[in-house]
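Given the structure of chain E, go ahead and fit chains X, F and D onto it with the hints provided.
These are the residues of each chain, in order.
There are 4 protein chains.
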Amino acid sequence: MTCRLVGLVAAVHTPFDSAGDLDLSVVERQLSHLLSRGVTKVFVGGSTGESQSLTVDERLRLAERWLQVARGTEMQVVVHVGANSLPEAQAMAAQAQRLGALAVAAVAPSYFKPRSVPVLLDWCRSIAGAAPATPFYFYDIPLLTGVSLSMPDLLESVGDSIPNFAGLKFTNQDLYAYQQCLRAAGGRFDIAFGFDEMLLAALVLGAVGAVGATYNFAAPVHHRIMRAFDRGDLSAARDEQYRSVLTIRTLIRHGFAGSGKAVMEMLGVPVGPPRAPQQTLDAAEVAALRAELTNLGFFDWIASP
Amino acid sequence: MTCRLVGLVAAVHTPFDSAGDLDLSVVERQLSHLLSRGVTKVFVGGSTGESQSLTVDERLRLAERWLQVARGTEMQVVVHVGANSLPEAQAMAAQAQRLGALAVAAVAPSYFKPRSVPVLLDWCRSIAGAAPATPFYFYDIPLLTGVSLSMPDLLESVGDSIPNFAGLKFTNQDLYAYQQCLRAAGGRFDIAFGFDEMLLAALVLGAVGAVGATYNFAAPVHHRIMRAFDRGDLSAARDEQYRSVLTIRTLIRHGFAGSGKAVMEMLGVPVGPPRAPQQTLDAAEVAALRAELTNLGFFDWIASP
Amino acid sequence: MTCRLVGLVAAVHTPFDSAGDLDLSVVERQLSHLLSRGVTKVFVGGSTGESQSLTVDERLRLAERWLQVARGTEMQVVVHVGANSLPEAQAMAAQAQRLGALAVAAVAPSYFKPRSVPVLLDWCRSIAGAAPATPFYFYDIPLLTGVSLSMPDLLESVGDSIPNFAGLKFTNQDLYAYQQCLRAAGGRFDIAFGFDEMLLAALVLGAVGAVGATYNFAAPVHHRIMRAFDRGDLSAARDEQYRSVLTIRTLIRHGFAGSGKAVMEMLGVPVGPPRAPQQTLDAAEVAALRAELTNLGFFDWIASP
Amino acid sequence: MTCRLVGLVAAVHTPFDSAGDLDLSVVERQLSHLLSRGVTKVFVGGSTGESQSLTVDERLRLAERWLQVARGTEMQVVVHVGANSLPEAQAMAAQAQRLGALAVAAVAPSYFKPRSVPVLLDWCRSIAGAAPATPFYFYDIPLLTGVSLSMPDLLESVGDSIPNFAGLKFTNQDLYAYQQCLRAAGGRFDIAFGFDEMLLAALVLGAVGAVGATYNFAAPVHHRIMRAFDRGDLSAARDEQYRSVLTIRTLIRHGFAGSGKAVMEMLGVPVGPPRAPQQTLDAAEVAALRAELTNLGFFDWIASP
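Protein chains in written order, with my numbering: chain E, 2 to 306; chain X, 2 to 306; chain F, 2 to 306; chain D, 2 to 306.
Chain E with its partners taken away, still in its complex shape (with noise of 0.2 Å):
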């Protein structure tokens, strides 16, 4: 079974209206704004996607809604079924698998944490065994769940256990992990990189997808990064990859999260405002957010491809 997230996928937002709940008419506009802007991957209900902030049949009704749009597009959907509860994270699977996702993927859970690679792995099967032909991607990223565990190690320890074990999402500032996991067992592995203001380093150590944010936004300033890094223009990646730092350090100063709905809003894709937990910008600040935006040159970055 061959997956290879190739290129950039953008971790899309979920649609909210006003009132705070899922506004599915919107993923028809997130996708072709994709698309325009030559994004053929979505990765789905991830922590962009505000997964754990849904319910469960609002996880299911937006797989279900991406799945649909982009049937007959160049678009393919990676779905995020991570979950504390395995039930629910097995019937995400089996959904995404049912309707045709390219892949499955999920974080480790959260509030009771496996304390060891093999825990670790047991949780991997019984959710990639929920959708046995779908490619399965285990989603690193410790910041958010408080689970640190060495990936190189689990993926030395898939074996035959897992067929459809296809790789990582790797949202990990760790690169010397990252080398290794590029390796491991023989290079089989897809490892999807998920920290955009550091995708050139990633580049440069075998890297070749990455799933983000800021790719629903600022997809151009990325892709000019993997252009000239290909092209082996590194003097242009490394420029292109500090405007990436620049519009995220901006995004964190306002909460990142908000900021980042709040320009697709800007961009004429009304995803609406993040739930709680997480903040939302009121006028004011989506103001001060757009000068800043404006002012730093990020409108016109983003304007050509």
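One should not assume that every hint holds.
[Unchecked claim] With a Cα cut of at most 30 Å, we get these calculated DSS-like pairs of lysine-lysine:
no., chain 1, residue 1, chain 2, residue 2
1, F, Lys-114, D, Lys-114
2, F, Lys-114, E, Lys-114
3, E, Lys-114, X, Lys-114
4, X, Lys-114, D, Lys-114
Derived from the structure by calculation, the hints contain no laboratory data. Source: prediction; values computed, not measured.
Frame of chain E, contents of chains X, F and D only:
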């Protein structure tokens, strides 16, 4: 609105059958077991109850069953409704009120973490507002949630903004904060203590109630702590507390969650094994655990009131 | 070898003059201040004493002065010799023994951290061996050292390997571990408690002594806790403990190290400001601190024994 | 004042004899070993140099010897002077300047930790002021110090307040911060990178120099990374970087500090074992390490430039 979680509140286990499915038929046995040992309050679907490992539907059915079974008995039921998804927490709170729970309680969301007391207070308000006629407890357990905010500050900031805010389940070793919580806002809040192995320390500082896992099977030990404390026999209280320490140390050595449920089985209350990612003891481990507990004197300690 | 740090042990401040140099002329005043308040043991060059901010030469001179000044008085002197450099710690331990210290104590090295109990035990052995006729205490303070190893395991593993191992200074909120330490190895060790604001909780679990910063200026409050506890008046003990909490909360608000030294100045013991990186209060901050403490009643609390 | 730590800077080991005492006679051998491998800068008394385990007198003698031995050679010497005690750090800085060090560097104090950038900046100013004619580097290594403050913020706040502030030794996986540091204050600072196993990632983001332990024995591998990078052969650079990863993984498995010193012995530079609390490899462990490194190809990797 007054609610005092006076005395021992058992954080009950969630019963599973051998297939790992919810087995609500055991709830009656749990209830009669506890009543026969003088425990008249339960905390349903908390950390001991593996709520994060359950589906929401399972949590709703579990709470419903407890509230049904308890009706007409001396048993009072606190329902834990904390979840990463606010609508899910609200739905469980509303159900708990509808079915007559003594109180609801909620942990902080732990994937997307509130970063300040005001954000956490908003979160509490949203849940408490879904069960406005029912006392609300915030359940502080930083070790599991990774949310470590000042509880005295939280209590001082409640004011009139959440009329049904009743207090805390305080599962935190910080007895400096605990003392401040007991006296916050003129002492109007109820601060149930959550570390069974330190109960006596909390009592001497003013605790009147406690919620814990070991009150399912070691209530006699802890009742003796409370009675000895009340009559001023601190030496006896201390010796009983040390029995609690020894018991818990033994359980931790074998994996606390699995061991606790195994002990319930030994006492004739077949709550089954824990669900993944928590680990189940195999037969040999159960035998070793039983031998160690026997050797310790545990079964004698809990034989008399 | 028996040593019991019974009662309150003041972790004394290190006096500096206005140029920031060691001012040993103040030591006599510190000693008489403490004796007049019934404190007959000091812990010299600990965390309160800013040992890590001193040069080794300053530490040696400081210990020497305390041991000289205490000679012929009721005061007994424990010397803290912990350091990242083992030869430095050993030199200080040897000096302490030579000059007749009651005991030596040492924190774990904290830059290169012992990763296991056996490594920590070796470390303790190397220091204790440099003062073999003097009781040795390990000083557990994970919050500052970042070394968080099991103290019960450490004590159980001492055996005969360190004949002068006397116990712990336990500056740790984990009262579960504390109880185990008190009873470890048949209860042969002395476990002085290190959180002034939780003293009563330690007493009820069996503590007989405590080492702390506030015993320099708030010994009367804590002596009343101990006396009330001894006569079984837990309500009075609890009220006094809360005074301790309020005092410490006020000091923390202004920076604990600087505030504590400022309070000594207010009491006529001019220990000067702390050394960098700890912060000094300016005149306005000192005035505000004094006003808050006055308002609290602090100066009344410490006026009577 | 300009200083650029361009190229590889070896963080040299501190040589001990079999009794565990400083053995300065080995320094010449270290120096000639490095020069023969094209390494012309050393970082003396850093973490690899076990500075925190040395006495201050040992640190002074060590720096003195390096500065003597290097005189008249191509070797340039950076002296690490960081310490928990400010006067000790200042004394070492003054000596380094007096004896002609290329630069001084200092870690943050780690027992009493600076809690904000301004406090850390004050700390840096106090040390840099003791060697005002010598470039000063702050050495950021949060994993060991527990001090995790924003380096971009630190650099932006230097301004004119520390004229000899030259930059950072950045031993931190956060390449988002690294990029900001490289461009902070108009790019006026030198940001030497401190994770050998991620060198290529730093290079692609703009690093021009690096300080590390493995440059003592694996400089050829890392020189090939830099040369391959410079000529645009990223595939070769990546393969060499992976050799670095494999080497470090092997060393870590046997205890990094002890293994690194054992490898020096294998190469004919008898730096002896590390001092406690770091662990020494016994003969069997050394043999196993040598066998693993041989099997890996390590000795071939470092045989050619």
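Taking the hints in turn, this is what the structure says about them:
no.	hint	verdict
1	Lys-114/F - Lys-114/D	holds (16 Å)
2	Lys-114/F - Lys-114/E	holds (25 Å)
3	Lys-114/E - Lys-114/X	holds (16 Å)
4	Lys-114/X - Lys-114/D	holds (25 Å)
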